[in-house]
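Residue-level listing of the chains:
Number of protein chains: 2
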Amino acid sequence: MPKRNLPLSKVYQLLEPGPVVLLTTSRAGHANIMTMSWHTMMEFEPPLIGCIISNRNYSFDILKKTRECVINIPTADMAEKVVACGNSSGSKINKFEKFGLTPKPARYVSAPLIDECFANFECCLFDAGWVNRYCLFVLEVTQAWKDPNVKNPQTMHHEGKGNFMIAGERIKLKSKMK
Amino acid sequence: MPKRNLPLSKVYQLLEPGPVVLLTTSRAGHANIMTMSWHTMMEFEPPLIGCIISNRNYSFDILKKTRECVINIPTADMAEKVVACGNSSGSKINKFEKFGLTPKPARYVSAPLIDECFANFECCLFDAGWVNRYCLFVLEVTQAWKDPNVKNPQTMHHEGKGNFMIAGERIKLKSKMK
Numbered sequence: 001m002p003k004r005n006l007p008l009s010k011v012y013q014l015l016e017p018g019p020v021v022l023l024t025t026s027r028a029g030h031a032n033i034m035t036m037s038w039h040t041m042m043e044f045e046p047p048l049i050g051c052i053i054s055n056r057n058y059s060f061d062i063l064k065k066t067r068e069c070v071i072n073i074p075t076a077d078m079a080e081k082v083v084a085c086g087n088s089s090g091s092k093i094n095k096f097e098k099f100g101l102t103p104k105p106a107r108y109v110s111a112p113l114i115d116e117c118f119a120n121f122e123c124c125l126f127d128a129g130w131v132n133r134y135c136l137f138v139l140e141v142t143q144a145w146k147d148p149n150v151k152n153p154q155t156m157h158h159e160g161k162g163n164f165m166i167a168g169e170r171i172k173l174k175s176k177m178k
Numbered sequence: 001m002p003k004r005n006l007p008l009s010k011v012y013q014l015l016e017p018g019p020v021v022l023l024t025t026s027r028a029g030h031a032n033i034m035t036m037s038w039h040t041m042m043e044f045e046p047p048l049i050g051c052i053i054s055n056r057n058y059s060f061d062i063l064k065k066t067r068e069c070v071i072n073i074p075t076a077d078m079a080e081k082v083v084a085c086g087n088s089s090g091s092k093i094n095k096f097e098k099f100g101l102t103p104k105p106a107r108y109v110s111a112p113l114i115d116e117c118f119a120n121f122e123c124c125l126f127d128a129g130w131v132n133r134y135c136l137f138v139l140e141v142t143q144a145w146k147d148p149n150v151k152n153p154q155t156m157h158h159e160g161k162g163n164f165m166i167a168g169e170r171i172k173l174k175s176k177m178k
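Protein sequences, first through last, are from chains X and Z. Every letter in the first sequence is one number past the one before it in the numbering used here, and letter 85, counting from 1, is 85. Every letter in the second sequence is one number past the one before it in the numbering used here, and letter 156, counting from 1, is 156.
Just chain X, same shape as in the assembly (with noise of 0.2 Å):
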């Protein structure tokens, strides 16, 4: 996908609503993927986001040692690949390989972007003082790529088990909130 570059001021725009996201790392050479849904918002700018990641997962030694990951945010058509990346382990296989997503280098992090994703979000770890006590690690986003043509995307967003609702009808209302 043709991405450009996304003002950094508008990247909660995109994780407020929830969306389950795929956060990819990268360690000598061996870049992995992991589905996540734990995420929140902490700042606007230089947008904060705070993740908890299970210390079960491949992903959690990699992110902790290498400090930095890509965040990536799928649609609806990718359904089937989010579930495979969140049924399976790195330690094990090569998911980009194996479920056909296409790594695009980064420009500031190791982490590969994935390139089937509507946005990538490229992000250094802020904080990792709560890693211990609540597996949260506190990112900063250092750069924020979006496709232009994408407007309403079809964002997955995980109830649980496999369960999804699909992003539906946009509405928008007079607001004072940012």
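These are computed hints drawn from the structure, not numbers from a lab. Please note that the accuracy of each hint is not assured.
Simulated crosslink set (EDC-like; lysine to aspartate or glutamate; CA at most 20 Å straight-line) [as the list claims (entries may be wrong)]:
#1 K172(Z) - D115(X)
#2 K3(X) - D115(X)
#3 K172(Z) - D77(X)
#4 K178(Z) - E80(Z)
#5 K3(Z) - E116(Z)
#6 K81(X) - E116(Z)
For chain X, the structure is supplied; the task is to place chain Z on it using the hints.
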């Protein structure tokens, strides 16, 4: 709405998709409502929820002091009221009266349930260790309620500046994920 006890093990299924919620607090007999979108699950059971609440909000001090609140999940038929709660401050008005919302007594906490919301989670402040650093409140859900008649709720998901995505189609995939 007629609510029933919801097992605490199922709370994540309603919050993980990322809906806008209404957070209620109470101090000295005065109840307040705050619109909130920056939250994430942090643990399945007992359910822990991480919430970012700006210290510019009237609810910030109340939650810090009373250490109790209720997380209420509204649906799109309440959109005008949800935005009105976000556009006003409880320091000046009684939002329940002003916006025609119905407070119901909770079981364990002094903050009221919003009757019009299909789900209500009574919460205690579990960890205030990062309230000063990130305005992060770690809440524990001690009692959950849900309207058993609501199956595929039309939750609201904020995309910034009064733009909302409304929950659409549901799909189920074969998954080992919790």
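Outcome of the hint check:
Under the criterion of a C-alpha separation no larger than 20 Å, the hint pairing K172(Z) with D115(X) is inconsistent with the structure, at around 25 Å. Taken as a hint, the K3(X) and D115(X) pair is honoured in the structure, with Cα atoms around 9 Å apart against an allowance of 20 Å. Taking the CA atoms of K172(Z) and D77(X), the gap is near 13 Å; set against the 20 Å cutoff, the hint holds. Annotation: proposed proximity of K178(Z) to E80(Z) is violated, straight-line Cα distance about 34 Å (limit 20 Å).
Between K3(Z) and E116(Z) the CA atoms are separated by roughly 11 Å; this keeps the pair inside 20 Å, and the hint holds. This hinted pair does not check out: K81(X) and E116(Z) have alpha carbons roughly 37 Å apart, beyond 20 Å.
Hint check: violations occur at hints 1, 4, 6; the rest are consistent with the structure.
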